[in-house]
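Engineer: Chains A and B are the protein sequences, given in the same order. Using this note's numbering, read the first sequence as starting at 1 and increasing by one per residue. Using this note's numbering, read the second sequence as starting at 1001 and increasing by one per residue.
If you're looking for bench data, these hints aren't it; they were derived computationally from the structure. All figures in this text were calculated on a predicted structure; none of them were measured in a lab. All C-beta atoms in this analysis are idealised placements derived from N, C-alpha and C, irrespective of residue type, glycine included.
If you want a taste of the chain A side facing chain B, the calculated C-beta under 10 angstroms gives, among others:
| no. | residue |
| --- | --- |
| 1 | Ile28 |
| 2 | Glu29 |
| 3 | Thr170 |
| 4 | Glu172 |
| 5 | Ala173 |
| 6 | Gly186 |
| 7 | Ala187 |
| 8 | Leu189 |
| 9 | Arg191 |
| 10 | Cys193 |
| 11 | Gly194 |
| 12 | Arg200 |
| 13 | Thr201 |
| 14 | Tyr202 |
| 15 | Leu203 |
| 16 | Ala206 |
Computed far set for chain A versus chain B, every beta-carbon distance over 12 angstroms:
| no. | residue |
| --- | --- |
| 17 | Leu8 |
| 18 | Asp57 |
| 19 | Val61 |
| 20 | Gly76 |
| 21 | Ala145 |
| 22 | Gln155 |
| 23 | His162 |
No farther apart than 16 angstroms at their CA atoms in a straight line, the calculated lysine to aspartate or glutamate pairs in the EDC-like style are these:
| no. | chain 1 | residue 1 | chain 2 | residue 2 |
| --- | --- | --- | --- | --- |
| 24 | B | Lys1343 | A | Glu208 |
| 25 | A | Lys196 | B | Asp1335 |
| 26 | B | Lys1272 | B | Glu1286 |
| 27 | B | Lys1133 | B | Asp1178 |
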Amino acid sequence: MFSEEALLPISALQHLLFCRRQCALIHIERAWAENVFTVQGGILHERAHEQGYESHDGIRVARAVSLRSLQLGLTGVADVVEFHPASDGLETAFPVEYKRGRPKAEACDTVQLCAQALCLEEMLGRPVPAGALFYGRTRRRLGVAFDAALRETTQAACQDLHAFIRAGLTPEAMYDSRCASCSMEGACLPRACGGKRSVRTYLRQALETP
Amino acid sequence: MKRHLNTLYVTTQGAYLFKDGETLAVKVEETVRLRLPIHTVAGVVCFGQVSVSPFLLGHCAENNVAVSFLTVNGKFLAKVQGPASGNVLLRRQQYRMADDTATCAATARFFLTGKLANARTVLLRALRDHGEKIDASAVRRVVDRLSQHLTGLEARSDLDALRGLEGDAAHAYYGVFDQLIVSCHEAFRFAGRNRRPPLDPVNCLLSFLYTLLAHDVRSALETTGLDPAVGFLHRDRPGRPGLALDMMEEFRPFFADRLALTLINLGRVRPKGFITAETGAVLMDEATRKEVLIAYQERKQDVVEHPFLREKMPLGLLFHMQATLFARYVRGDLDGYPPLLWK
Ligand code: SF4
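Bound-form chain A, shown alone (with noise of 0.2 angstroms):
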């Protein structure tokens, strides 16, 4: 169990899945930080807005839900999160997560809205199985199931999560594909920190020709 203090923002998790080093400088080193979350923040705001999906009868619909859980010490913000009828008379709780992009090939995604479902039934009590991305890009919705590989792949990415932020340490930037389309590149800086640049060779060749 964490304590509230030790919660971590379920975003880190994506963070982590996608490049440890942004995951250190936006958790760790909190460098421009700001600029990730005021993003972030907008295009939440623009998400709100947006009418990607029919909502059928009887399905509730609750945007910027609060979502935390103890047990993976997690905290954050669902989008969109449907209420669907159960055969119980009581509501079975949907999260529904918006991606400006396409469907990525790594787990980022499945494993934030896993944890955006972990967080729900820890709240609500009750089981979540299932849950759906949709992919602005596309304009494409995928279901997700919540089965036991998914949950177990997200629990080991929470604790992996907590012992990288607890250590402290930002990881060597490797300079790939990934570099192109990261909020973080400016204050990274990839192709000169991935120790390939050095700044001693810099000093001497510079002085050497006045």
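With chain A held as given, fit chain B with the ligand onto it using these hints.
Structural biologist: Just chain B with the ligand, lined up with the frame of chain A:
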């Protein structure tokens, strides 16, 4: 990070700045003269009798826009800044480095290398551009002296010895600075650096440009999460932004000094734009100050290639780049701090 934001300088006396929705509005004598979306502004600098509404201050703080208040002549008064970005690990590491004598000297050396190399480039440019109009042999002697000192820096690991070299270099550099003023006007003679107060137009101009530079460097350091007060070359003195002064060194020659020379040599500032007070202190009139601010802003738009990162960017972004590079050095990602070596 990639976008280059502008600093808004407000020099009109009696101007009032307030929040109007999401925009920053400037009112002069009951007329709104300017409206800027807050997210396009990096900082606001108010000169003299300029007032700012508390709601705008709050809005600026929330959007990480620093608001500074200076006297009409550019003396720093106060600054309103939102909650500092919480990079406590970075700051702690910065303090540890500053506390360790050897690391401190090694770090100071990076800044000095930038300063001396760039001062040398300023002199070399003058030789190239105006070689026949100036006392070239005197300037060349100083170039050689700076080259010697650049080599000397590498051999010194003691802070006082490094400072000694710097002092000598600065003395030699300012000793020939007058040679670089080719506009033949007697009013722009330079006979050494003085600043409290500046006693001639050139010193007045330099002091003003250094103030603008200090402000930009300091803001960049703050935004990066570094502590601008804890320096390496400039050791702690309460109220003095040590690290900002350190990082300013490499910018002084090619940013401020060159700009002062251009303004004088191209006649963009004129002798009658400077006023001598009874005490001998020299001040700029309002039109001159405006001209200098415009030139400074224009210079920031010039695109250059960053010599270490090998990427093109507007000059105005260099402050943030250097601050970020310094942060990466502090965090151990780089084997040193790469000062901006201007060619
Ligand atoms: S720029 Fe590349 S290495 Fe740096 S944080 Fe982003 S993805 Fe990771």
